[in-house]
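**Student:** So the chains spell out like this:
Number of protein chains: 2
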Amino acid sequence: MAFELYYWPGLQGRGEFVRLALEEAGADYVDVARRHDGMVAMNRLLEGDGANRPPYAPPFLKDDDVLVGQTAAILLYLGRKLDLAPRDEQGQLWTHQIQLTIADLVAEAHDCHHPIASSLYYEDQKTEAKRRSADFRDSRIPKYLAWFETVLARNPHGTEHLVGDAITYADLSLFQAVDGLNYAFPIAMARLLSEAPAVAALHTRVARRPRIAAYLPSKRRQPYNEQGIFRHYPELDA
Amino acid sequence: MAFELYYWPGLQGRGEFVRLALEEAGADYVDVARRHDGMVAMNRLLEGDGANRPPYAPPFLKDDDVLVGQTAAILLYLGRKLDLAPRDEQGQLWTHQIQLTIADLVAEAHDCHHPIASSLYYEDQKTEAKRRSADFRDSRIPKYLAWFETVLARNPHGTEHLVGDAITYADLSLFQAVDGLNYAFPIAMARLLSEAPAVAALHTRVARRPRIAAYLPSKRRQPYNEQGIFRHYPELDA
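Residue numbers (my numbering), protein chains in the order written: chain R, 8 to 245; chain U, 8 to 245.
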């Protein structure tokens, strides 16, 4: 049976980290909420109708009788199932640790445009967004990129992958984080990626993987916009 | 060999979620950075001296040759090792999913007093902190508490535990999240917990577990203060 991915239609958001794993693996999946009446099905599960283990929020994934929410937990599950993580437990834990660090970076990227409340409009927190974005560009992105550079440099199998000698969901997620930051902060990222050549090379390499290269220009990949995590507001970039 | 926990001395912080798991299990552990010269050892590992898998930030745990960072990943590891998670894979994934949701709540609690940047003083973002805290108290805490209530209500084994019929690290972490919020937002939490009786009961029950009851008044438990995640600034509560 096909995997069922549930996520808000109209934006990449956190669902995109799951989509990239499914696409890279060539997995059979349905992006449920983008289908006609799909939101009804999503809301039913979100309201936990009858489910003993209701997810807190999208994205969540249904695989037969397994229902799992939280992006990093979904990828922990898919990593084993789709061979997108090492087979040994320590390797899986390390891959997950990297994923959780990428998740922290992504949450900070979101809060750049919503530092006060997700429930308020950007326009109602624009002044605060400018202050937060300046710190994010000057202090936070460089700290994360430096760590990813270190992880790549210390991989005993070489700098091609974050973990071991094969693609993992952590590579796909780092691609997406960098790709999103490039969209949101093009000026800052051009400067910062020149100091993080191994991360920049990983981003390019993932984009060229056959299934990812086929996915990115397809309709299954939703375009960036100012509804998602990564938003391009020129006043927040420098 | 004893577990080695590495975390900033002088505050509970994210390290506390790991401490509670170690304490509940009666595990032999060293809180390295609180020892004389412990910070030297922590910084050495943090700078990744020689480590192929350097942690991004504290807390991290060393167990013989295993080094694991990221609070939720540490608990995923300890859950299996210390019998603080179900034995079946789906149960472990569900416990982890709850932990990741608690981690989201905790990150939001932190950003209440630091909505602009962790690197700035609270006094330099007090106006923004007031705005963010109002939304956190009025919208966010209630949403999380409602979900935990649902999870407890739907546990087929009863409302005593979040998962199954035994204590897990998720119960300990929810205790700590509620305990910290009670310290930071006493007025709001008195009101909100009256609407979340199962969560309030879990908090009370965990505090009375023999090993936790022995730990809480001990010197191993550091007091709350205005350096940690949960800070009591009266102007942020209502």
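Some hints could be false.
The list treats identical chains as one, so a pair stands whether inside a single copy or across any two.
[What the hints assert, rightly or not] Here are the computed lysine to aspartate or glutamate pairs in the EDC-like style, where the Cα-Cα straight-line distance is at most 20 Å: (1) 69 - 115; (2) 133 - 172; (3) 69 - 96; (4) 226 - 111; (5) 226 - 90; (6) 150 - 202; (7) 150 - 172; (8) 150 - 35; (9) 137 - 172; (10) 150 - 54; (11) 69 - 95; (12) 150 - 130; (13) 226 - 71; (14) 69 - 242.
What the hints contain is simulated information worked out from the structure, not anything from laboratory work.
**Student:** For every hint, state whether the structure bears it out.
**Tutor:** Hints versus structure:
| no. | hint | verdict |
| --- | --- | --- |
| 1 | 69 - 115 | neither (28 Å within a copy, 28 Å between copies) |
| 2 | 133 - 172 | neither (43 Å within a copy, 47 Å between copies) |
| 3 | 69 - 96 | between (24 Å within a copy, 15 Å between copies) |
| 4 | 226 - 111 | neither (28 Å within a copy, 31 Å between copies) |
| 5 | 226 - 90 | neither (25 Å within a copy, 45 Å between copies) |
| 6 | 150 - 202 | within (11 Å within a copy, 41 Å between copies) |
| 7 | 150 - 172 | neither (25 Å within a copy, 42 Å between copies) |
| 8 | 150 - 35 | neither (37 Å within a copy, 33 Å between copies) |
| 9 | 137 - 172 | neither (40 Å within a copy, 48 Å between copies) |
| 10 | 150 - 54 | between (38 Å within a copy, 12 Å between copies) |
| 11 | 69 - 95 | between (25 Å within a copy, 18 Å between copies) |
| 12 | 150 - 130 | neither (28 Å within a copy, 24 Å between copies) |
| 13 | 226 - 71 | neither (26 Å within a copy, 48 Å between copies) |
| 14 | 69 - 242 | neither (40 Å within a copy, 44 Å between copies) |
Comparing the model with each earlier hint shows violations of hints 1, 2, 4, 5, 7, 8, 9, 12, 13, 14; every other hint is respected.
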